[in-house]
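With chain G's structure known, arrange chain R on it following the hints.
Read top to bottom, the protein sequences are chains G and R. The opening residue of the first sequence carries number 1 in this note's numbering; numbering runs sequentially from there. The opening residue of the second sequence carries number 1 in this note's numbering; numbering runs sequentially from there.
Calculated directly from the structure, the hints in this document are not laboratory data. All C-beta atoms in this analysis are idealised placements derived from N, C-alpha and C, irrespective of residue type, glycine included. Some clues are possibly wrong.
Quick list of the computed label-pair ranges, beta carbon to beta carbon [said to hold, decoys possible]:
#1 R:Arg3 to G:Glu118: 23 to 33 Å
#2 G:Ile97 to R:Ala169: 44 to 54 Å
#3 G:Arg241 to R:Pro213: 53 to 63 Å
#4 G:Trp26 to R:Asp230: 40 to 50 Å
#5 R:Gln70 to G:Pro140: 36 to 46 Å
#6 G:Asp67 to R:Ala41: 50 to 60 Å
#7 R:Leu264 to G:Glu50: 51 to 61 Å
#8 R:Phe9 to G:Asp67: 53 to 63 Å
#9 R:Tyr93 to G:Lys246: 32 to 42 Å
#10 G:Ile163 to R:Phe81: 29 to 39 Å
#11 R:Pro213 to G:Ile163: 44 to 54 Å
#12 R:Gly103 to G:Leu117: 26 to 36 Å
#13 R:Gln33 to G:Leu184: 41 to 51 Å
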Amino acid sequence: MKFCKTINVRLKKFIGRIGLILLVVWTVVSLVTFLIEIIPGKPSTAILGENATPEQIEQFERKHGLDKPAFFISFSFSDGLVWNGLDNRYAYYFLGILKGDLGRSFRTDRPVSEMILERYPNTIKLAFAAMLVAVAIAIPLGVLAGTHKGSLIDNFASIFALIGISLPSFVTGPFLVYVFAVKLNWFAPTGSTNPEDIVLPAVTLGAALSAILTRMVRSSVIEELGEDYVRTARAKGLSERVVIYKHVLKNGLIPVVTILGLQLGVLLAGAIITEKIFSWPGLGTLLLDEGIAKRDYRLVQGCVLVISLTYILANMLTDLIYSWLDPRIRLS
Amino acid sequence: MNRLAYIGFFIVAILIIVAVFAPFVATHDPTVQNLAMRFAAPSAEHWFGTDALGRDIFSRIVYGARISLQVGVTVTFISAFLGVVIGAIAGYYGGVIDKILSGYVFNVFLAFPGLLLAIALVAFLGAGIWKVIFALCVIGWVGYARVMRGQVLKVREMDFVQAARALGANDLRILFVHILPNSIQPIIVQASLGMAGAVLSEASLSFLGLGVPPPAPSWGTMIEEARGLDTLYNAPHVLFFPGIAIALTVLAFNFIGDGIREYLDPKQRRR
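Chain G on its own, in the form it takes in the complex (with noise of 0.2 Å):
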C-alpha cells in the first residue's frame, strides 16, 4: 500500500514536471511568435534589404511561411477578428517541433536545428569545463576554510567568494585575456582551435560558481564537524584526512551537488556572455551574432527554445540526483 503510494507521488511528480516543459515550450513559441509580429517591419524586408523585388519578397514568405497568418486568429481594422484554422504559423511550427524540425533559418537557410546540434556540444563542454574549474577551487578552498574556522585561510576564502561574487564574467573574462593571453601569452584570447583555448572560458564561466560554492563546503563542513558521527570515527582514531574527506565531505557534499545542478542552467544561461568574450564557438554566439545581428528571428527563435529546455532538464535531473543522494527527500 505505502509502495503504491510513494510510486502514485513520484508519478504525480514527473507528470507535473512533464506538464511544465510542454509550458515553457509553449510560452516560447508563443512569446517570439508574438514578438516577431509586433516588430516594426517585416523580416522578409529586414533579410533581403530594402532593394528587394515584390517578387523576391514574395518568394521569401512563401518558403518560410510568412505569408501565412501567425495565429490561429487574426486582427485588422478593416475585417475585425478572422478565424484562420489550422493554416497559420503557430500551429505549424508546433508541428514541427513535434518532429524534431525547428524550421530553416532564414539567412542561411539550413535547418535550424542542424545549425544548433552543430553548435550545442560546445556549449555544453565549456559548461561542463566550468563546473569541473568551480568544483577544482571550491573543494579544498571550502575544506581548508571550514577546518580552519577564523584563521587566515578562512578570511582569504571568504575575500575570495566576494570577490567572485561581485565580478561579473565580462569582467573577469576581459581581465584574464589581458593578464594570461596579452601579458604572459600562455593562452589564445579568443576562438577554440586548440584544447588549451577552453580554459580561459571555462575559469571566467566558472569563477561566480566557484565563490557561491567555497560558501557553501566551508558552512556545511563546519556544520558537519559539530555531528556525533565525527566524534564518533575521531575517537574510533581514524586520521583526521580520513575524517574530513571520507566522512564530514561526503555528507556535506549533498547540498553543495543540489547547487551544482542547479546552475548548471545558469552556467548554460551565463556562457552566452562567455562565449561573446572568447568568440567561443557555442550557442551564445549562435544566438548573438547568427541570430540577434542578423535578424534571423527563425534562429533566435530555435535557440531560445533549446537554451530554456535545456535550462529545465537539467534542473530537474538536479531534482532526481539529490532524492537520490538523500532518500529523506525520496521518502518525503
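Below, chain R alone, put in the same frame as chain G:
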C-alpha cells in the same frame, strides 16, 4: 546591522551623489571625442585616462553611474510593485487565481534563465534604456510575487487579520492596511539584492550590444569597447576602471541586502 552593510551604504551614498551631481563631478563632457588624446594614461588632466576615441574615462564612469542607478532603481520599484500586488492577490484570494498564477505563471517565468528572456525581448524590441527597463521588469517581478504570496499565505491566518475581518473590514483594507505592512520585510531584502541584479543585467545587456546604445556611457558598453586586443595592449586602464565601478556597485548592494536580511532575521543576527 553588520559592518559590511555600512560599507555598502557608504558606497551607494557616494554613487547617488555622483549620479545626481554628475555635471558638477565630471571633469569633461563624456561624449566628446579627442582623437589626439586617445589611450592617454591616467593623469591630472584625465584622472582615469582616455579611451580609444580620446573620451575622458572618469567622466564616462560618472555619467555611467546615472544609467546604472536609473535602471536599477526603476526596475526594482516597478518589479517590486507588480510583484507585491500580484503576489498579494494570489496569496489572499487563493483558488483559481492562485492556481493560475503560482501554478503556471510563476513556474514558467522561473523556469527560464532570466537573462535569456531579457536578451530575447530586447533583441526584438530594440536597444534603448526604457526597453531594457521593460525587459528587466518582465523577468524581475516574479521573484517578488513568489515571496509576497508566501508571506500573505502566512499572515492572512493570523488573529489580527481575523479580527479585522470580524470588524467588517473589506478585502482591500485587510490586504493593504493589515496584511501588506506585516509581509513587507522579505520584500525589502529582495529589493536590495534585486538592485544589484538589475545593475548587473543592464551592464550585461549593454555589454552584448543590446542595452543602452552608444555614445551613452553605460559601464557595460565601456567594457565591451575596452576588450579589443588593441585596447588591451595599449591601454588596459580603459578596461580596469569601469570593471572596478561595476564590481564595487554590485558588492555594495549585496552587502546592504545581506546586512538587512541579517538585521531583520533575529536568528541570523549576531548577539
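| Out of the numbered hints, which ones does the structure contradict? | 1, 9, 11, 13
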